[in-house]
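**Q** Could you build all of it, start to finish, from the sequences and the hints given here?
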Amino acid sequence: MKMNEELWLVVVIAAVWAVLAAVYALIPSLGMPGYVRVWGGGAVLFLILAGVLVAVSRKAPRG
Amino acid sequence: MDSISTSVARVGSRSRLTARVAALPGTDKALLALLFGAALLALVLGLVGGFVTALARAGALAFFPDDAYRLLTLHGVSVFFYWLYLIQAVLMLVLAAAENGRGLALRPLAWTGATLMLAGFGASEWISATGTPLLYDGSPELAADDPRSVGFFALGYLLLSAGLVASAVSGIATVLQPRLRGEASEFTSIGFALFAWAGFLVVSAIAATNAFLPGLLWSLGAGPFPADHGTEWHILFHNLHYLPLMATVLVWYVLSEQLTGVKSIHGARLSKIVFAAYLVFVPPTSLYHMFLEPNLSESVRVIGSLLSLFVSVPTLAAFAIIVSSLEASARAHGATGFFGWMRGLPWRNPAMANMGWAVVNMMLGITFAFVLIQEKLAPMLSDTFFVPGYFHFFAVGVLTQTFLAALMVILPALGGGTLWRPELLRCMPALVTIGLLVFGAAGIAAGFMGVPRRVFDIGYDGIAPAAWPVLMALVGIGATIFAIALSVSVYGVVRTMLSLRPSLEQAPVVDWRTGSRGVGAAPAWTGPLSVAALVAAMYVFTIVAFQLIQSSPIIAIGGGHGH
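Sequence lines, in order, name chains A and B. Heads up, the first sequence is in this note's numbering, so the first residue is 1 and it goes up one at a time. Heads up, the second sequence is in this note's numbering, so the first residue is 1001 and it goes up one at a time.
None of these hints come from the bench; they were simulated from the model. Owing to the predicted nature of the structure, the values given are computational and were not obtained by experimental measurement. Beta carbons: idealized from backbone N, C-alpha and C, even for Gly. Each hint should be verified, as a subset may be incorrect.
As the list claims (entries may be wrong) - Estimated spans, in silico, between C-beta atoms of each pair:
hint, chain 1, residue 1, chain 2, residue 2, range
1, B, T1130, A, R58, 52 to 60 Å
2, B, R1102, A, V19, 55 to 63 Å
3, B, T1027, A, P28, 35 to 43 Å
4, A, I48, B, F1338, 47 to 55 Å
5, B, P1065, A, I27, 37 to 45 Å
6, A, V11, B, A1062, 33 to 41 Å
7, A, A55, B, A1129, 16 to 24 Å
8, B, R1269, A, K59, 22 to 30 Å
9, B, K1376, A, V11, 34 to 42 Å
10, A, I27, B, G1223, 21 to 29 Å
To be verified - Going by beta-carbon spacing under 8 Å, a handful of chain A positions derived as facing chain B:
hint, residue
11, N4
12, E5
13, W17
14, G34
15, G42
16, L49
Unchecked claim - Partial list, derived from the structure: chain B residues whose beta carbon lies under 10 Å from chain A:
hint, residue
17, D1145
18, R1181
19, A1184
20, V1203
21, V1280
22, P1283
23, S1286
24, N1295
25, E1298
26, S1487
**A** This is the structure in structure tokens:
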């Protein structure tokens, strides 16, 4: 499937949030577990939204 | 002589937005009216609390400390949470419904969201009025012996968060409807912004749950004391900085098209990238909120300082897109003069006046925000009156005036009534800005001189500097000016909402969609030059701040405070 600009923008958002969550998770000396939960939760959310965009593209009637 | 030929929209003509709002199903209109009303009630409560607080800080009123903190709590809770988040939820819903053209999707979920948010509003106001005053960040440390207050306070924000999630899911489903019907293969730039904004609302609800669920569990005896509340609050607070700014820029996009017919000349693709940039920059720029933590390592401080420079990139990019699109379209209609093109904008429309002055306030607010987030300055200024001095440019001048502008356009279409006294309303944003300039200049100067942020009696047994009470009196005068002007605007919006009498007279707009000269034939420099001037101002005021603070005989470093 061709990735349109909206999909890759949402995927980029999810990727950035996931990287930040991973940084906070993998460097315990930062001492901010809340960031892991929030940025990680956000990464999961935007991945779900990317999935929604894919599903809508497939489901939509083609003109 | 500067001149511009513009076609003014005919009396009674409706734009795509207002026509679609007017055509919404009755049940959607009822939901939207309920939420608009609740948001305005929160604004009124917050405005009253803020005005009385400012008079107390100016020394014109005296309160016992508990009463003073209760007022401050009611002010912050009402404005910062319930006004800003109820209005964002309802604007997201109404704009999504207009994008769809057929009303809201998942309507029961939208009603559930509204019910939850209103329940949260009631719980928060009630416990703020009757419990231990916890200020708007609800720090459990202030009520370690009063778990009931901590629990109900947390419950209010958690209900608001749950309602935001339900509203956002309905909003996302709504903007997807045209694609599901096969009427569109991609979002418009506004549709994509709504999609991303709704996602951001959900993330903010996650952050609020992360910050306040531990307090609720502790109050129920189901968890430990939330000792890390300050850190978790910083995470939520960072999101709460970005979210209303993203909403503001989105409203500017919508209103620019509504008031002038102009869409971005740079294309929908760039607009989508800018809106996505808000979300890309949110996590990396969050570290500067931790500068007050005494145990933060030096390397994290350096990285946080560098990343904080990106904090306003999306807002400035969106601003430049909107201004250059307007200027290029105006010049295509024959506008001349460096700033002369702006005269053609429909300034007699109160929505345009609110939006225009919101931009001025944004420039002022961003300039001093950058002073505050400098790693060396943040610990010295964050517990001073510098903070309320600068952030009212944002909270009142930018956000509130922008959202009122949206209401002035949407409410007549929603209720079928007439905008109340547009000739009077269009004068208010300039008055609000004058009040904010007095309030901000005195407050920022007071902050540089060390006036504490949340201390009501600053006499210190007669040893406080003589300039402190003078500056705080000016703060009170500025607050009085902008509170009166803002009250007139709010009154006008409420009267508009309650108006049932349609009128042939509409607030003026212009139509710059097609110009005789062609867009791009003349250069449009105002947007980029404004950004360059802003960057220069940031440097100048940062240098001034360092000079002022280094000249102080005593420097006290604050710590651990949520600003």
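**Q** Each hint should be assessed against the structure and marked as holding or not.
**A** Consistency of the hints with the structure:
Checked against the given bound of 52 to 60 Å, the beta carbons of T1130/B and R58/A, roughly 53 Å apart, stay inside it. Here the CB-CB span from R1102/B to V19/A is close to 39 Å, at odds with the stated 55 to 63 Å. Look at T1027/B against P28/A: about 51 Å separates their beta carbons, and that is not inside 35 to 43 Å. With their beta carbons about 48 Å apart, I48/A and F1338/B fall inside the hinted range of 47 to 55 Å.
Checking the proposed 37 to 45 Å range against P1065/B and I27/A shows it holds: the Cβ atoms sit about 41 Å from each other. Checked against the hint of 33 to 41 Å, the C-beta distance between V11/A and A1062/B comes to roughly 57 Å, which is inconsistent with it. Under the hint 16 to 24 Å, the C-beta atoms of A55/A and A1129/B, about 46 Å apart, miss the expected range. The supplied range of 22 to 30 Å is met by R1269/B and K59/A, whose beta-carbon atoms lie about 24 Å from each other.
For K1376/B and V11/A, the hinted distance range of 34 to 42 Å is satisfied, since their beta carbons lie about 38 Å from each other. For the hinted restraint 21 to 29 Å between I27/A and G1223/B, the CB-CB distance of approximately 26 Å keeps it satisfied. A cut of 8 Å between beta carbons decides the hint on N4/A: the least distance to chain B is about 6 Å, and the hint holds. Evaluation of the E5/A hint against chain B yields a held restraint, the C-beta minimum of about 6 Å falling below 8 Å.
A hinted interface residue such as W17/A counts as satisfied when its beta carbon comes closer than 8 Å to some beta carbon of chain B; here the least separation is about 6 Å, so the hint holds. Because the closest C-beta pair between G34/A and chain B is about 5 Å apart, less than 8 Å, the hint holds. Here the hint on G42/A is kept, as its CB sits about 4 Å from the closest CB of chain B, short of 8 Å. For the restraint placing L49/A at the interface with chain B, the shortest Cβ-Cβ distance is roughly 5 Å, inside the 8 Å limit, so the hint holds.
The interface hint given for D1145/B is violated, since its Cβ lies 25 Å from the closest Cβ of chain A, which is over the 10 Å cut-off. Proximity of R1181/B to chain A holds as hinted, the smallest CB-CB distance being about 7 Å (cut-off 10 Å). Evaluation of the A1184/B hint against chain A yields a held restraint, the C-beta minimum of about 9 Å falling below 10 Å. This hint holds: V1203/B has a C-beta 4 Å from the nearest C-beta of chain A, less than the 10 Å allowed.
The closest approach between the C-beta of V1280/B and any C-beta of chain A is roughly 5 Å, which is under the 10 Å cut-off, so the hint is satisfied. A hinted interface residue such as P1283/B counts as satisfied when its beta carbon comes closer than 10 Å to some beta carbon of chain A; here the least separation is about 4 Å, so the hint holds. Because the smallest distance between the Cβ of S1286/B and any Cβ of chain A comes to about 7 Å, under 10 Å, the interface hint for this residue holds. Satisfaction of the interface hint for N1295/B is found here, the shortest Cβ-Cβ separation to chain A being roughly 8 Å, below the 10 Å cut-off.
Here the hint on E1298/B is broken, as its CB sits about 13 Å from the closest CB of chain A, past 10 Å. Residue-level restraint check for S1487/B is violated (minimum Cβ-Cβ distance to chain A is 37 Å; threshold 10 Å).
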